[in-house]
Amino acid sequence: MNNETDERITAIEMKLAYMEDFVNQIQNVAVEQAKTIDKLQKEIKLMSDKIREMSNANENEINAGF
Numbered sequence: 047m048n049n050e051t052d053e054r055i056t057a058i059e060m061k062l063a064y065m066e067d068f069v070n071q072i073q074n075v076a077v078e079q080a081k082t083i084d085k086l087q088k089e090i091k092l093m094s095d096k097i098r099e100m101s102n103a104n105e106n107e108i109n110a111g112f
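Each residue of the sequence shown is one higher than the one before, starting from 47 at the first, in this note's numbering.
Be aware that a few hints might be false.
[Said to hold, decoys possible] The list that follows gives simulated cross-link-like pairs (lysine to aspartate or glutamate, EDC-like), each with its CA atoms no further than 20 angstroms apart:
1. Lys96 / Asp84
2. Lys96 / Glu107
3. Lys61 / Glu50
4. Lys85 / Asp95
5. Lys88 / Glu105
6. Lys88 / Glu78
[Unchecked claim] Quick list of simulated restraints, FRET-style, between CB atoms:
7. Thr51 / Ile83: 43 to 49 angstroms
8. Ile97 / Gln73: 32 to 38 angstroms
9. Lys81 / Met47: 42 to 48 angstroms
10. Val77 / Met47: 56 to 62 angstroms
11. Glu89 / Ile55: 50 to 56 angstroms
12. Met60 / Glu99: 57 to 63 angstroms
13. Glu89 / Glu66: 34 to 40 angstroms
14. Ile97 / Ile58: 53 to 59 angstroms
15. Glu107 / Gln73: 48 to 54 angstroms
16. Glu66 / Lys88: 30 to 36 angstroms
17. Leu62 / Lys91: 41 to 47 angstroms
18. Asn106 / Lys81: 48 to 54 angstroms
19. Ile55 / Met93: 55 to 61 angstroms
20. Asp67 / Asp95: 40 to 46 angstroms
If you're looking for bench data, these hints aren't it; they were derived computationally from the structure.
If you're wondering where the values come from, they're calculated on a predicted model, not measured in any experiment.
Using N, Cα and C, we set each Cβ at its ideal position, and we do this for glycine too.
Using the sequences plus the hints, can you model the full thing?
Laid out in structure tokens, this is it:
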């Protein structure tokens, strides 16, 4: 191969290495975001359950004449 071909192959290999690293970084971010979403969904469910309990308790107090 000539020098120009070697340089082009080297440039392509460098770009590929950069893209592979970039894809890995994006995958890591996606994994962390999924963990955060799961955590937030659990917290939302806990808060919804708590609000429902409080609402039911208030209704019971109202119905009991308090």
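Verification of the hints:
no., hint, verdict
1, Lys96 / Asp84, "holds (19 angstroms)"
2, Lys96 / Glu107, "holds (17 angstroms)"
3, Lys61 / Glu50, "holds (17 angstroms)"
4, Lys85 / Asp95, "holds (15 angstroms)"
5, Lys88 / Glu105, "violated (26 angstroms)"
6, Lys88 / Glu78, "holds (16 angstroms)"
7, Thr51 / Ile83: 43 to 49 angstroms, "holds (47 angstroms)"
8, Ile97 / Gln73: 32 to 38 angstroms, "holds (36 angstroms)"
9, Lys81 / Met47: 42 to 48 angstroms, "holds (47 angstroms)"
10, Val77 / Met47: 56 to 62 angstroms, "violated (40 angstroms)"
11, Glu89 / Ile55: 50 to 56 angstroms, "holds (51 angstroms)"
12, Met60 / Glu99: 57 to 63 angstroms, "holds (59 angstroms)"
13, Glu89 / Glu66: 34 to 40 angstroms, "holds (35 angstroms)"
14, Ile97 / Ile58: 53 to 59 angstroms, "holds (57 angstroms)"
15, Glu107 / Gln73: 48 to 54 angstroms, "holds (51 angstroms)"
16, Glu66 / Lys88: 30 to 36 angstroms, "holds (34 angstroms)"
17, Leu62 / Lys91: 41 to 47 angstroms, "holds (43 angstroms)"
18, Asn106 / Lys81: 48 to 54 angstroms, "violated (38 angstroms)"
19, Ile55 / Met93: 55 to 61 angstroms, "holds (57 angstroms)"
20, Asp67 / Asp95: 40 to 46 angstroms, "holds (43 angstroms)"
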